[in-house]
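Student: Residues per chain, in single letters:
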Amino acid sequence: MNTAAVQERTNYLNESYGLKSWLLTKDHKRIAVLYFITISVFFAMGGVFASLIRTELLTPPGDLVSSETYNKLFTMHGVIMVFFFLIPSVPATMGNFFLPIMIGARDLAFPRINLLSWYLLIVGGALAIFAMVAGGVDTGWTFYTPYSTTYSNSYVIATALGIFVAGFSSILTGLNFIVTVHRMRAPGMTWFRMPLFVWANYATGVIQVLGTPVIAVTLVLVFCERVFHIGIFDPALGGDPVLFQHLFWFYSHPAVYIMVLPAMGVISELVSTFSRKPVFGYGFVAFSSMAIAVIGFLVWGHHLFVSGQSLYAGLVFSFLSYFVAIPSAIKVFNWTATLYKGSISYATPMLYAFGFIGLFTIGGLTGLFVASLGMDVHVTDTYFVIAHFHYVMVGGTIMAYLGGVHYWWPKMTGRMYPEGWAKLSALIVFIGFNLTFFPQFILGYLGMPRRYHAYPDEFQVLHVLSTAGASVLAVGYLMPAIYLFWSLRYGEVAGANPWGAPGLEWQTASPPPTHNFDKIPVVTQEAYDFSKVAGEVIEVG
Amino acid sequence: MSGHVHEHIDSTKTYVVVLLALLVATVVTTLVAFVDLGNFSVVVALLIAVCKMMLVALFFMHVRYSTRLTKLVLIGGLLWLAILLLLTLTDFATRGWLNTAGK
Chain A
1 MNTAAVQERT NYLNESYGLK SWLLTKDHKR IAVLYFITIS VFFAMGGVFA
51 SLIRTELLTP PGDLVSSETY NKLFTMHGVI MVFFFLIPSV PATMGNFFLP
101 IMIGARDLAF PRINLLSWYL LIVGGALAIF AMVAGGVDTG WTFYTPYSTT
151 YSNSYVIATA LGIFVAGFSS ILTGLNFIVT VHRMRAPGMT WFRMPLFVWA
201 NYATGVIQVL GTPVIAVTLV LVFCERVFHI GIFDPALGGD PVLFQHLFWF
251 YSHPAVYIMV LPAMGVISEL VSTFSRKPVF GYGFVAFSSM AIAVIGFLVW
301 GHHLFVSGQS LYAGLVFSFL SYFVAIPSAI KVFNWTATLY KGSISYATPM
351 LYAFGFIGLF TIGGLTGLFV ASLGMDVHVT DTYFVIAHFH YVMVGGTIMA
401 YLGGVHYWWP KMTGRMYPEG WAKLSALIVF IGFNLTFFPQ FILGYLGMPR
451 RYHAYPDEFQ VLHVLSTAGA SVLAVGYLMP AIYLFWSLRY GEVAGANPWG
501 APGLEWQTAS PPPTHNFDKI PVVTQEAYDF SKVAGEVIEV G
Chain B
1001 MSGHVHEHID STKTYVVVLL ALLVATVVTT LVAFVDLGNF SVVVALLIAV
1051 CKMMLVALFF MHVRYSTRLT KLVLIGGLLW LAILLLLTLT DFATRGWLNT
1101 AGK
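Going line by line, the protein sequences match chains A and B. If you read the first sequence in our numbering, its first letter stands for residue 1, the second for the next number, and so on. If you read the second sequence in our numbering, its first letter stands for residue 1001, the second for the next number, and so on.
Quick caveat, the hints were computed from the structure, so don't treat them as lab data. Be aware that a few hints might be false.
As the list claims (entries may be wrong) - Computed spacing ranges between beta-carbons, pair by pair: (1) B:Ala1021 x A:Phe333: 49 to 59 Å; (2) A:Lys20 x B:Leu1086: 44 to 54 Å; (3) B:Val1050 x A:Arg489: 57 to 67 Å; (4) B:Met1061 x A:Leu58: 56 to 66 Å; (5) B:Met1061 x A:Val123: 42 to 52 Å; (6) B:Met1061 x A:Lys341: 46 to 56 Å; (7) A:Leu478 x B:Val1050: 51 to 61 Å; (8) A:Val522 x B:Asp1010: 35 to 45 Å; (9) B:Leu1037 x A:Phe228: 19 to 29 Å; (10) A:Leu24 x B:Met1061: 24 to 34 Å.
Computed from a predicted model, the values in this text were never measured in an experiment. All residues carry an ideal CB built from backbone N, CA and C; glycine is no exception.
Whole structure, please, built from the sequences with the hints as guidance.
Tutor: Encoded structure:
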């Protein structure tokens, strides 16, 4: 074993030891690792709930769990996956780790606030877990009123408080990224030399800062109505239940872009590195991130087409929703154009990137279906919608998340993952994902409503296919959990730049030293300039 | 530039005046609450609140002497609030337009 080479050099992992050195760290890289561990636990929890949901749906009658328990299962699956896994997924882990390094900074602008944001996620998560253990919550992750404020006897307040606290974690991360990008760029690192991953996380930060306070306020209003009976959403008290949906989706639709924009940033890096070409139309891809951040705030009413929202508002929101497809399409077309005449290698991260492009395209295009007023009336609250947003969030975000984890694993750990196993798992994830969710498009179109644990016999074949797919998908997710853990000790030692990529993160050692660079780099070239990259490992410092 | 901005840029007198203005506005808000202005009660109360918010932001939070970027952040926040209110109003303001209940 070649462990000596890794151990000799002082890096962020071996600089100090002990629990205290981790729990009080201000190093963005260590905080990123803390986030990795935390959200992996949440992902596993959300996955267990999903498994129970899919097992229940194997047979038409509701026989595994009661309908009350089923309501709690899908609610907790949604709450955990959305607020405690997907929202922090890419930014809090890879964003935290690589955003400063990619712009040549020694850390984020506010290292203490960065640590605080991790603790806030922990406190928020603890509150949500308390709610689950104490008896669960059954409102759906959307907390629609007046059910959540008046009728539900479950732990709405504790869960909402957990989300409220975790929201501040997200705001602080976004704020930290924005300030870091403005203030901490290395000499020569102009805005248009920044990697597109940085642009994507910057745009995400804008959404986090502008959108998240609204969900926080909304949850406080739910609290006020539930506890003090102040009439805001309950018609009996003079409120309007649709107002809740407006406020909720003002955040929660842009939240979809909090989940997918950083993922798109990852894909830009992967497509470029494994095609050995600069991303086609850099400026368009960068600005499309900003466009998504802005236009994403103008479309929320498409969640309310059949909720009693005025038809005229529906027309406005339907029209605006089509617009957000444009910047998303720009990205997909530009990634595809980047591949053209590229020197493509099919390493595991690139397989995930291919998976992302295909699955996100399906997720995005079916988004246009449900943005159409007429079509949406037919498929609202059916499995069509479930399939649509899982194609975006799982087929999009999680594919990119896994792609990014594999891509940067050698940088973060100093070890290579086993390529053969990784390729196999990427394939299994892709097959399992499609087998799980494609039948749900058909189910929804045929009229299978979401959030039911019993269904007519004729839907069983498609449900069985979906559950079988979920089992395959679970295998695909468990494999990286095992071999990545294995590689920490037994993986091949990685050089500084195993992919021959031009980004600044590859110009420092693997794993990076605590202050990222021994000498602050001076940037003299554009992003993705492969002309100066040696085929071999570049050793700096 | 922002590096030279210090907290004593405003005199104590200015701060006291702003504080008094805020207190007066609070009293006015309370008094107006007892006058029946119909739907305009809320409008007046919110207008006073916005003025108070601007006083706090401009003087106590030093936005008046900050960089253009800081001002942009403030304007961005207000713009996003406007988006929230205006697009929500596309629903609430047009609900009665069709002679169908709820549309």
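Student: Compare the structure with each hint and give your call.
Tutor: Hint-by-hint comparison with the structure:
The hinted window of 49 to 59 Å between Ala1021 of chain B and Phe333 of chain A holds, with their beta carbons roughly 55 Å apart. The hint said 44 to 54 Å for the Cβ distance between Lys20 of chain A and Leu1086 of chain B, and at roughly 50 Å that hint holds. Checked against the hint of 57 to 67 Å, the C-beta distance between Val1050 of chain B and Arg489 of chain A comes to roughly 60 Å, which is consistent with it. Our hint of 56 to 66 Å for Met1061 of chain B and Leu58 of chain A holds, since their Cβ atoms are close to 58 Å apart.
Distance hint for Met1061 of chain B and Val123 of chain A: a CB-CB separation of about 27 Å, inconsistent with the stated range 42 to 52 Å. With their beta carbons about 53 Å apart, Met1061 of chain B and Lys341 of chain A fall inside the hinted range of 46 to 56 Å. Taken as a hint, the range 51 to 61 Å holds for the pair Leu478 of chain A and Val1050 of chain B, whose Cβ atoms sit roughly 54 Å apart. In this structure, Val522 of chain A and Asp1010 of chain B meet the distance hint of 35 to 45 Å, their C-beta atoms being roughly 40 Å apart.
Checking the proposed 19 to 29 Å range against Leu1037 of chain B and Phe228 of chain A shows it holds: the Cβ atoms sit about 26 Å from each other. The beta-carbon spacing between Leu24 of chain A and Met1061 of chain B, approximately 31 Å, falls within the hinted interval of 24 to 34 Å.
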